[in-house]
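Q: Protein chains in written order, with my numbering: chain D, 1 to 375; chain A, 376 to 604.
Quick caveat, the hints were computed from the structure, so don't treat them as lab data. Some hints here could point you the wrong way.
To be verified - List of simulated lysine-lysine pairs, BS3-like, C-alpha gap at most 25 Å: (1) D:7 <-> A:568; (2) A:521 <-> A:556; (3) D:215 <-> D:42; (4) D:7 <-> D:366; (5) A:568 <-> D:109; (6) A:556 <-> A:568; (7) A:437 <-> D:366; (8) D:220 <-> D:210; (9) D:220 <-> A:521.
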Amino acid sequence: MLFVARKNLFSERTRLAISVGGVALSVFLIGILLSLYRGWDKKVGEYVEVVPADLWVASEGATDFIQSASVLPGFLGTQLRFVPETETVSPLIVRPLALSRAGGPQDRKFDVQLVGYDPAIGLGGPLEMVEGKSPPGPGEIIIDEAMSDRYGLQIGDQLLRGTGSLTIVGKSAGGDFVFTQVAFVTLDTAADFLELEPPSQRTFFLLTLKDPTEKEVVAKRLEAAIPGVMFASGEEFADETRDRVLGNVLPMLIVVLMVAFIVGLSIAGLTIYTATVEKSREYGILKAEGFTNRFLYGVVFEQSLVTGALGFLAGAGLTVLLAPFAQDAVPQFVVLIRWQDVASIAAATLLMSLLAAYIPIRRLAKIDPVTVFKG
Amino acid sequence: MPSSEAIVSLQGVTKVYGSGETAVTALHDVSLEAGSGEVVLVMGPSGSGKTTLLTIAGALLKPTRGTVQLCGLNVTEMSETRLASIRREKVGFIYQNFNLLEALTAFENVRLVASNGALDREALRNRSMGLLDTLGLGHRLNALPKQLSDGEKQRVAIARALAKDPALMLADEPTANLDAKRGHDVMELLRQKALEMDKAVVIVSHDYRIRDIADRVVWLEDGRLRTEL
Numbered sequence: 001m002l003f004v005a006r007k008n009l010f011s012e013r014t015r016l017a018i019s020v021g022g023v024a025l026s027v028f029l030i031g032i033l034l035s036l037y038r039g040w041d042k043k044v045g046e047y048v049e050v051v052p053a054d055l056w057v058a059s060e061g062a063t064d065f066i067q068s069a070s071v072l073p074g075f076l077g078t079q080l081r082f083v084p085e086t087e088t089v090s091p092l093i094v095r096p097l098a099l100s101r102a103g104g105p106q107d108r109k110f111d112v113q114l115v116g117y118d119p120a121i122g123l124g125g126p127l128e129m130v131e132g133k134s135p136p137g138p139g140e141i142i143i144d145e146a147m148s149d150r151y152g153l154q155i156g157d158q159l160l161r162g163t164g165s166l167t168i169v170g171k172s173a174g175g176d177f178v179f180t181q182v183a184f185v186t187l188d189t190a191a192d193f194l195e196l197e198p199p200s201q202r203t204f205f206l207l208t209l210k211d212p213t214e215k216e217v218v219a220k221r222l223e224a225a226i227p228g229v230m231f232a233s234g235e236e237f238a239d240e241t242r243d244r245v246l247g248n249v250l251p252m253l254i255v256v257l258m259v260a261f262i263v264g265l266s267i268a269g270l271t272i273y274t275a276t277v278e279k280s281r282e283y284g285i286l287k288a289e290g291f292t293n294r295f296l297y298g299v300v301f302e303q304s305l306v307t308g309a310l311g312f313l314a315g316a317g318l319t320v321l322l323a324p325f326a327q328d329a330v331p332q333f334v335v336l337i338r339w340q341d342v343a344s345i346a347a348a349t350l351l352m353s354l355l356a357a358y359i360p361i362r363r364l365a366k367i368d369p370v371t372v373f374k375g
Numbered sequence: 376m377p378s379s380e381a382i383v384s385l386q387g388v389t390k391v392y393g394s395g396e397t398a399v400t401a402l403h404d405v406s407l408e409a410g411s412g413e414v415v416l417v418m419g420p421s422g423s424g425k426t427t428l429l430t431i432a433g434a435l436l437k438p439t440r441g442t443v444q445l446c447g448l449n450v451t452e453m454s455e456t457r458l459a460s461i462r463r464e465k466v467g468f469i470y471q472n473f474n475l476l477e478a479l480t481a482f483e484n485v486r487l488v489a490s491n492g493a494l495d496r497e498a499l500r501n502r503s504m505g506l507l508d509t510l511g512l513g514h515r516l517n518a519l520p521k522q523l524s525d526g527e528k529q530r531v532a533i534a535r536a537l538a539k540d541p542a543l544m545l546a547d548e549p550t551a552n553l554d555a556k557r558g559h560d561v562m563e564l565l566r567q568k569a570l571e572m573d574k575a576v577v578i579v580s581h582d583y584r585i586r587d588i589a590d591r592v593v594w595l596e597d598g599r600l601r602t603e604l
């Protein structure tokens, strides 16, 4: 069967190229979108997930790191220090900001998630320093290396907001949220720079517990004891952040993935169908010679599967080859290729191949072998 | 010499296409037999029912009435699957338009039809190559149909029909696309091979020039076997 299928396929190289190209384009689109989504998913939650806190404390209803309007009184930190299960309490001031570089165009703004932390505690500060000094001093800021790469910011540059300015003294890693990056200052610098009123207000508190396995129990107890405040684990908080940031992207992504699948299916289906129609007489000859419908279906299936396999290899290869270049060209193009996703795309391609063969097979079933005797 | 045992036997075969007022009777009560090593030529004008007769004899079409036996098996009421199996094992076809698979070489066209599971890969290869060689196509094994002359195509078609070692060979206007000499040569070759390999051969044609290769010639007109010539 494979012999006939392969011969039929490769005898029409232009059609094969179109068919494989269609599947490859579809696989490429699906692959690149899926890996882009995975890349974003990883980046967006990474900082929150990696910060070694057992519990995140926020205003009730403020469930994510990026868009939360959490406002907590400073004295809550003192209260939390008296909780017997608590080991460390670290206050954070977090605000999304648009900054510009001194000496650069004023209309060129950089989105930053400013994090004010207590350098004496360290929890919630830079995850990993790659250059410069840490902790920052008054009026100083540590930016993420992704922000430095993206906007060409260097140590010594000054970032402006209104009349306030911050001097870059270091670069850290692990704070890239794709469309914004975390930048670190001290709590006092944050309160001054943001002109907080009262300056003691905080956005979050990070807690470490003496027994981290107790975090669910502690969270429930504290939520009951302190109205208007919520306690969440790092994983929960990271998931909420991902949902908030990527939740609007996901439905669009699913639609585009479906369109990509339909494009691949349509091109493969049409080319296999036209190939089957053109070869109707030859399939009739095989029927006359006593080959069963099952054999003929097998030939069409194999053509479809070979097309799908070639398209998958070409599309997956393109994804793997082009993704790093795209990432270099567009910093927001953060991709993560997982073997599970490659397997899923392979399964989708298999489904595409089977569906593409369905209509041609229905046509095959109707071919009357007697017609081959008509001149 | 033809043997007395009938490989194919049509008894009282009638074929009606359509129904009611639009019904057309293609064959009227036709009876015909062909035995091993016998070449029967069915002649007649266009539209006389020759191809219908051939397709019924080849288990491709069921008669409206009458019975058809192939190698002693009554194929009249067999299922499509069983008929396909009978065709695969016992019937070799030679077509007017050669009907070779365009993507396959001469050798592959023959080997594909020969691959009915009875032979291993090596035997299959040897048989296919041997047949093409004896038909004078040993040097054209890897040629695609579009690279072959019409005469060569028809010889490949004969090799393909012989490849599965069928008891019965059916040829539909096999010389229609060949010039007189080449047509005759090819039919002579078919007759020679059929005799060597003890096949029953039924040829339908309106080419009077090939009548000398047949052991028996019958005349079909308006769906009726008129005379044995």
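Q: Hint numbers the structure violates, sorted upward?
A: When the structure is compared with the hints, numbers 1, 5, 9 turn out to be violated.
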